[in-house]
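Undergrad: The lines below spell out each chain.
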Amino acid sequence: MATKARGKASGKKSSETRMIPIYIMGKKYEVPETLTILTAMEYAGYRHIRGCGCRGGICGACATVYRLSGDHRLKFGLACQTVVAPDMYLAQIPFVPANKAIYDIEKLTPDINGIGRIYPDLYRCLACNTCSKACPMGISVMDYVQALLKGDIAGCARLSHSCTMCGICALRCPAELQQFHMAMLARRLYGRYLQPRARHLEQRVKQIKEGKFDSMMDEIMSLSNDELKQRYARREWEPESYENPDWQPEETKYLILD
Amino acid sequence: MAEGQASGYPPELKKFIRAVEKTRPERLARVKANQHFPRLTREEGEKVLKSYHPDYRPGGRRRLKVGANKGEILADEVADLLESYSRIDPDAFDDRLKKPDYETDVLILGGGGAGAVAALFARQNGLRVVIATKLRHGDSNTIMAEGGIQAADRPADSPYYHYLDTMGGGHFTNNPRLVKALTMDAPLIIQWLEDLGVMFDKDNEGNMIELKGGGICRRRMHSSADMIGAEIMRVQRDEIRNHPEEIQVLEFSPAVELLIDETKAVSGAVLYNLETSEYSVVKAKAVIMATGGFGRLHIQGFPTTNHYGATGDGLALAYRAGVPLVNMRYAQYHPTGTVFPEQNFGLLITEKVRTLGAQFINAHGREFAHPLEPRDIASSCIIRECTEKNSGVVAPTGHYGVWLDTPMIDLLRGKGTVEKELSAKYLQFKRYGIDISTEPIIVYPTLHYQNGGLEIDEWGATRISGLFAAGEVTGGIHGDNRLMGNSLLDIHVFGRRVGVKVSEFIKAVKKGNRLSLGHVRSYHAGLIKTGVKTKRVAPILLPDYVRRSAPVYPHKS
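Protein sequence lines, in the order shown, are assigned to chains P and D. Every letter in the first sequence is one number past the one before it in my numbering, and letter 248, counting from 1, is 248. Every letter in the second sequence is one number past the one before it in my numbering, and letter 28, counting from 1, is 28.
Simulated from the structure, these hints should not be mistaken for laboratory data.
Straight-line C-alpha distance at most 30 Å; calculated DSS-like pairs for lysine-lysine:
hint	chain 1	residue 1	chain 2	residue 2
1	P	107	D	202
2	P	253	D	202
3	P	150	D	420
4	D	180	P	212
5	D	507	P	209
6	D	50	P	229
7	D	415	P	133
8	D	180	P	229
9	D	202	P	212
10	D	202	P	206
11	P	209	D	202
12	P	107	P	150
13	P	100	D	283
14	D	180	P	253
15	D	180	P	209
16	D	430	P	133
17	D	202	P	100
18	P	133	D	420
19	D	264	D	535
20	D	202	P	150
21	D	47	P	229
22	P	206	D	180
Take these sequences, add in the hints, and give me the full structure.
TA: This is how it looks when you write it as structure tokens:
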């Protein structure tokens with residue numbers, strides 16, 4: 001596990017990096033000021049079981065609540081993305097309880113009535129914007145809820161696209177909405193029903209099922225390794241789309257252009 | 001949002017950036033005239049690989065002493081994992097095995113993409129499923145996939161070219177039958193995802209907006225901004241939770257050992273509750289191994305893009321049960337891991353950044369490699385630039401790398417492209433005061449993908465009856481090097497295939513009734529006999545970062 005390399009990195013850090021005090025679940029620790037909450041907790045001796053996932057700001061496992069000394073506001077962030085600050089008082093949220101509705105996506109229609117039936121708490125939104133202020137991804141949560149209320153499912157889907165489903169919005173909501181589950185449903189309805197279907201994809205699936213590529217695959221799999229390498233070296237490169245979106249390949253033997 | 005951390009690049013790096021800015025107009029003009037940095041020929045590529053790729057150079061490896069791959073030379077970290085004892089004492093479990101805590105048709109180990117797809121297809125084929133996952137449901141490398149998923153579905157493309165690209169990218173060491181399955185099933189899978197309600201990037205007519213990736217001769221990459229993995233994973237998790245009667249999910253419950261019955265078939269597993277430290281026994285008619293990869297083993301001391309749970313558990317369990325490993329010699333070091341800010345150290349900068357037009361630039365402002373070389377070659381070129389050529393950029397932390405010139409993207413494709421197409425990356429840097437649409441990023445290779453793994457056939461069956469496998473834990477699909485967009489594809493293609501095959505298997509094969517850990521006893525005996533003296537236990541389950549101040553640093557000597 002390359003402990004040597006690590007030891008070196010750590011040694012260097014302690015001489016150059018300022019140490020600052022933070023409070024984890026009430027206990028005081030001195031940690032290097034460059035660490036994130038996640039790595040600072042590890043530095044302090046905590047081993048994560050819950051509260052740690054991708055360590056890269058996309059999975060939503062490490063939702064954290066903190067206060068800064070002298071500031072009355074409760075703050076929220078992903079532990080893997082938020083850098084520690086002096087006198088930060090922090091606690092991790094292991095889990096935000098929420099009820100995901102059960103539904104059959106095939107039997108739904110992409111309209112407000114469907115979503116309102118499944119998540120009736122939608123209508124309780126006070127438009128107070130507490131949710132948006134808490135979102136660690138900077139999503140305008142209230143705006144997507146309001147979009148849904150207006151029946152704008154596509155708008156809700158687009159506004160909520162970078163949601164990690166960490167649940168902080170639901171935790172903060174005074175009307176007790178479960179916003180992130182509503183947005184999930186909206187995105188699925190948008191992807192399933194509102195975005196136009198890819199015709200070229202449908203066509204290709206049909207061609208494959210009809211066996212139209214079988215002979216090409218048989219041919220390429222029967223090649224000797226040398227022949228395969230030659231074909232690889234000779235293959236024709238499509239230019240990037242900003243150069244020529246209407247490009248047509250010269251070799252059409254291995255295509256089905258109908 | 002979190003406040004007060006937006007400090008941006010320090011002055012000494014801003015000085016370096018000016019060298020990049022100076023050459024940018026000229027580079028831009030050349031790209032617009034379709035004049036690119038030349039790609040390396042196959043011979044040149046092999047030369048740079050042999051000299052600079054971390055796994056082609058000597059050192060860091062040893063000969064394995066036990067099991068099906070005995071005698072093969074593997075990375076020390078992998079050999080350590082395989083040459084280790086069980087976490088449990090087999091003798092202490094004899095009574096427990098007679099009264100399983102759970103009984104099910106299929107037990108799926110791993111709750112990432114491969115496990116999710118397998119579960120949905122197994123359910124569709126009438127089976128009851130238990131998914132046991134180490135962390136939260138969906139926590140996996142799948143959720144972190146950024147750039148795209150490949151499928152040859154445009155008229156100017158075909159599975160023929162997808163096959164050719166994949167074989168070449170893998171240096172022709174791939175299993176052709178697996179590659180055929182991968183490329184022929186690809187469009188089918190994209191359509192299945194479309195049906196589930198995945199939001200793909202499409203134009204107003206519904207055509208997929210597709211881009212290239214390294215080593216790929218046609219535009220074939222389907223995306224959802226720069227978070228296709230998160231988008232797919234949350235849809236699949238949502239869908240699984242729509243079937244609670246048929247699919248039960250056990251979170252924080254990694255498998256610590258497989259169970260084998262008197263017919264020598266895999267028939268369940270011992271799970272460990274990470275929070276209560278209790279064990280439970282699951283009896284199943286078949287087991288699907290979908291535990292993912294090994295990035296958190298930090299092969300050769302590299303940092304990793306991988307999920308916290310990526311400790312190669314499935315390799316250890318299945319190897320102990322007798323499944324051979326294939327294509328394990330070369331790991332994938334993604335060319336563009338973050339070097340600065342250090343809070344993001346080692347994290348992935350998706351290849352999509354380069355497909356959109358970002359270039360590799362050295363400390364002198366000069367481009368030194370085609371942006372879309374296959375990943376192993378691109379990584380080797382960066383390492384060469386920073387070592388032999390001494391043209392790397394040094395960050396305040398002492399870590400070095402090269403520039404990835406992201407401002408090229410908006411200049412080529414219009415203002416706002418970075419913010420729209422790379423929204424997650426844009427935010428990730430903006431948090432630290434860096435605007436990647438106007439400032440470049442410092443990058444260096446980072447451990448990204450396992451490449452090889454458990455030997456499977458084209459239906460995901462291993463050599464051991466009752467044990468199937470899908471996803472990063474398997475090997476042979478990508479050969480010695482995987483192309484962008486083929487891993488998100490492989491978890492789907494083979495997740496679906498095992499989900500279907502496992503139901504045929506259960507109907508056709510009569511299995512035993514007595515669960516046993518006999519294979520673990522035999523493996524332990526093998527370790528002792530071959531003189532492996534160790535106290536190591538596997539699976540590792542969680543990496544040990546306690547009391548470390550920084551992520552692991554690359555092989556710098």
